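Quick mapping for you: the protein sequence lines, in order, are chains E and S. Counting in my numbering, the final residue of the first sequence is number 900, and the numbers go up one at a time with none missing. Counting in my numbering, the final residue of the second sequence is number 900, and the numbers go up one at a time with none missing.
Hints are computed from structural coordinates only; laboratory data are not their basis. None of the values given here were measured: they were computed from a predicted structure. We treat Cβ as the ideally placed atom computed from N, Cα and C, and that holds for glycine. Careful, some of the hints might be misleading.
As the list claims (entries may be wrong) - Simulated pairs of lysine-lysine, BS3-like, Cα-Cα distance not exceeding 27 Å:
| # | chain 1 | residue 1 | chain 2 | residue 2 |
| --- | --- | --- | --- | --- |
| 1 | S | Lys434 | S | Lys504 |
| 2 | E | Lys522 | S | Lys694 |
| 3 | S | Lys522 | E | Lys694 |
| 4 | S | Lys705 | S | Lys724 |
| 5 | E | Lys734 | S | Lys422 |
| 6 | E | Lys694 | E | Lys678 |
| 7 | E | Lys624 | S | Lys522 |
| 8 | S | Lys836 | E | Lys841 |
| 9 | S | Lys452 | E | Lys706 |
| 10 | E | Lys522 | S | Lys624 |
| 11 | E | Lys724 | S | Lys422 |
| 12 | E | Lys422 | S | Lys706 |
| 13 | E | Lys522 | S | Lys678 |
| 14 | S | Lys455 | E | Lys706 |
| 15 | S | Lys429 | E | Lys734 |
| 16 | S | Lys836 | S | Lys796 |
| 17 | S | Lys895 | S | Lys694 |
| 18 | S | Lys522 | E | Lys678 |
| 19 | E | Lys897 | E | Lys836 |
| 20 | S | Lys724 | E | Lys422 |
Said to hold, decoys possible - Residues on chain E that point at chain S, a partial pick, calculated with CB under 8 Å:
| # | residue |
| --- | --- |
| 21 | Asn613 |
| 22 | Glu737 |
| 23 | Val814 |
Letter by letter, the chains look like this.
Protein chains: 2
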Amino acid sequence: MSPVQLYDTTLRDGTQREGISLSVVDKLHIAQKLDELGIHFIEGGWPGSNPKDVEFFEKAKQLKLANSVLVAFGSTRRPQSKADKDANLIALAGAGVKVATIVGKSSERQVSQVLETTLDENLSMIADSIGYLKGRGLTVFFDAEHFFDGFKANAGYAQRVLEIAASTGADCLVLCDTNGGTLPSEITAAVRAAREVADVPLGIHAHNDSELAVANTLAAVGAGVSQVQGTINGYGERCGNANLCSIIPALKLKMGVDCVSDEQLAKLTEVAHYVSEVANLIPDSFLPYVGFSAFGHKAGLHVSGLAKWVNSYQHIDPSQIGNKARVLVSELSGKKNILYKAKELGLDLPPQGKEAQRLLEQVKLLESQGFQYDNAEASFELLLHRAKPDYKPPFELVDFMVVVEKRRRPPARKSLEEMLSEAVVKVRVGGEVMHTAAEGNGPVNALDQALRRALLQFYPSLAQVKLVDYKVRILEESVGTGSSVRVLIESSDGVNEWRTVGSSTNIIEASWLALVDSLEYWLLKQKNNR
Amino acid sequence: MSPVQLYDTTLRDGTQREGISLSVVDKLHIAQKLDELGIHFIEGGWPGSNPKDVEFFEKAKQLKLANSVLVAFGSTRRPQSKADKDANLIALAGAGVKVATIVGKSSERQVSQVLETTLDENLSMIADSIGYLKGRGLTVFFDAEHFFDGFKANAGYAQRVLEIAASTGADCLVLCDTNGGTLPSEITAAVRAAREVADVPLGIHAHNDSELAVANTLAAVGAGVSQVQGTINGYGERCGNANLCSIIPALKLKMGVDCVSDEQLAKLTEVAHYVSEVANLIPDSFLPYVGFSAFGHKAGLHVSGLAKWVNSYQHIDPSQIGNKARVLVSELSGKKNILYKAKELGLDLPPQGKEAQRLLEQVKLLESQGFQYDNAEASFELLLHRAKPDYKPPFELVDFMVVVEKRRRPPARKSLEEMLSEAVVKVRVGGEVMHTAAEGNGPVNALDQALRRALLQFYPSLAQVKLVDYKVRILEESVGTGSSVRVLIESSDGVNEWRTVGSSTNIIEASWLALVDSLEYWLLKQKNNR
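Hey, can you work out the whole structure from these sequences and the hints?
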């Protein structure tokens, strides 16, 4: 099949997702990363609607992009006005980019009822706006909003819109399933009808409201579109945009469509996680291809299968997209998972001995208390170590105390400065007992500081260990603030990352347990590497 | 199109999802709920592999199901053995159900390399096992594992497997995309090829590894299958199973396929949330149809559009599936969102006044400090109220202190009893200052208890307010335990639910802010309802 050009709109449509907010610096970082992935077009924002986006395009001039072209987004001129007096179009032309995308209406009902103008005026708006931007030397992509809904209700008008856009010089007509309600078979039929009236390249812009955005995009490629719009991780308004992280490998590995190189494809997982980190969203573990669980095997039968044939229960080799397979440990696991995992960790566990069975029982008991190991492999590894009779922990807790205080001084007002968090910790390292105290931004931070103050005297290299994510999950939803909580901590030493778990009705204790596991795990690794 | 029968495997394949674990009681509750939704077949578990599932089928005999038939799952007999000596098949026959599903291999390579037997022996295993169960009066569905991969590599053998299963009496042949790697066009072709060799009803069992499970299921229905397997919310191993919550409305509303009634369809969102609650998983806000964000509108342009035509930016009327539209407030919002929201809340905000603009500025400032309102509408509503010059809060904090202590007594061991959490709170209600203290399971619970102890004297009805979910999100990932955190609290009075937010570097303070908002919001609602 012909090659396809990838058009990323994470920085514009992606930021319509509930709970997302990107600074200008965030957007610049992401643009740089998308360039590494080999995305052809990066839509940076809407300079006519948002001063932050004007700043982005200004600063983006300093970006060194090897593969990507920056695109500015805007809409057609307002009804009953002039294109060359339209602030939005003027901002587009002044954004310093070579490519502009403008959105216009292609659904009759949207024109009359939402835009509240005539069908002819809408056509003039499209023609004038494209003409204005072409006249300023720009490449112009036309987003035909609500194209598929419009085509279903009034095919003639939707096609007329495409004809007008093509005849006034649009370089690509992007067919939008704005509300995300179209079925793949309808996409195929409408793309074919679009090809009949317009002899310019077509694109597809799908939304995931029916959980069909990826399928709809692939159907459109099958019907001949050559530009694919989407976002990293499928971020976008409501249920999201078409997910480029699923589209790119499907095109390249399953449909043989040229879009990125093998080396670029192998960065896919990294890019997906990078974008979620910058966007400050927890990566979705269950995302196809790039998710942490995408190649995680839990069923005992599947684990024994993959010991015989590595791809027996996975559809591709995960290394092609930079992900990897994992074996999970849980109460559903057989002894085989424990053995497989222990072997993976380089621990000697006799296959016929009782150790594996005993560990499985222990995992089940701890899981019933709220611990969960399938997402906290470092804590699981410590469990294996601690089961050995000769295991010596690098440090042991004696006791701790935390005080959090908020005192209101006149004039009464909320302010962070009023909060005091203080921790006192007693730990034993070797034969010595260390008694330390520290303040912190919060109680867990104060504990962390006090514990580190004690440990750094013995293990100075511990300074490089950072906590990079901290999650709290309430376990029994009916008992309110008295519920058990599970704390998952992700730590990093700048090279490796690991996850640990703690559980208790007390959030401080649960955090403490996960924190101790995190540091103990790292110290153990260091010792074993020496 | 012909009607389709729905087959739910949440209780079996769904529990293979990473991080899920269901008790027998959980499974019974979910089965009852699936019956309300009108699911035709409920796969309850694998009695031959798991004592918990034996117990489930025993207890399930007491369930009163109006619409659903319970199904037990198992596999074909082991190689080189007898069906009537196979513990797994005997358990299936003894589970007390009328329908059994057995899985067998239909991929040549899976037979030789994973099952490690001959192609002929595999055919005998299938024939013997179906024959055994049919001989005991059961309806038998045959899951053809890896059918699509097997068909691609050796179509003849995959078809031969179907022929054998059909000729020995299988009542439905379920074609499985076990690894989830198949494209919709390949599904259509393989289903057609299956219809050529077997004149029994066909089913489809898809996995979501390529983000195509829903599309693949719909493609199979288009090609003539009459049974659809999937799970609620798409739970399942790796990236999940085909999501019935997206398949059911697509079949009924978009393809005109009869499967559930209008009344049952309107329960879809409730069932989806119920299952995630019982499974103790946070509902995915971004799920199509049933997600909290599925009909949430953030873009200012879209909000002004839906004020003119309610479905201008949504593909269906959300009430058809029991969901509803929402307007979000965020820094991307225009003043229009604030006005729309205020109107929705019944608050009088002059459209031309400066209040809306000032509120927008305040939202932006608070968001920059870590607050987020698009998921905490109760806190946003309080923001609107607090902006009024005559607003009188139902209570005011003077100060608080929390102590958390862990003391290790010989013999040294971890135990929850050693933890002490105590809070002292001073609040002003009307002219009175209340000074209370309480212990709790953890510091937030202790604060909650002490605060309630003070407030209940004035507002005894507050006793019915419970916290139902509590989430903590770390905000700046690079600064470890010293990062800002955002706490989101979901509360319920048994009738209504509401969400509040707090943000601080101190998790206790962030929790406190969200907690105070929760109680203040409810007290305000009570006052306004009087």
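Evaluation of the provided hints:
no.	hint	in the structure
1	S:Lys434 / S:Lys504	25 Å, holds
2	E:Lys522 / S:Lys694	25 Å, holds
3	S:Lys522 / E:Lys694	25 Å, holds
4	S:Lys705 / S:Lys724	10 Å, holds
5	E:Lys734 / S:Lys422	13 Å, holds
6	E:Lys694 / E:Lys678	17 Å, holds
7	E:Lys624 / S:Lys522	13 Å, holds
8	S:Lys836 / E:Lys841	22 Å, holds
9	S:Lys452 / E:Lys706	25 Å, holds
10	E:Lys522 / S:Lys624	13 Å, holds
11	E:Lys724 / S:Lys422	23 Å, holds
12	E:Lys422 / S:Lys706	19 Å, holds
13	E:Lys522 / S:Lys678	21 Å, holds
14	S:Lys455 / E:Lys706	25 Å, holds
15	S:Lys429 / E:Lys734	23 Å, holds
16	S:Lys836 / S:Lys796	21 Å, holds
17	S:Lys895 / S:Lys694	21 Å, holds
18	S:Lys522 / E:Lys678	21 Å, holds
19	E:Lys897 / E:Lys836	18 Å, holds
20	S:Lys724 / E:Lys422	22 Å, holds
21	Asn613	6 Å, holds
22	Glu737	7 Å, holds
23	Val814	5 Å, holds
In the structure shown, no violation is registered for any of the earlier numbered hints.
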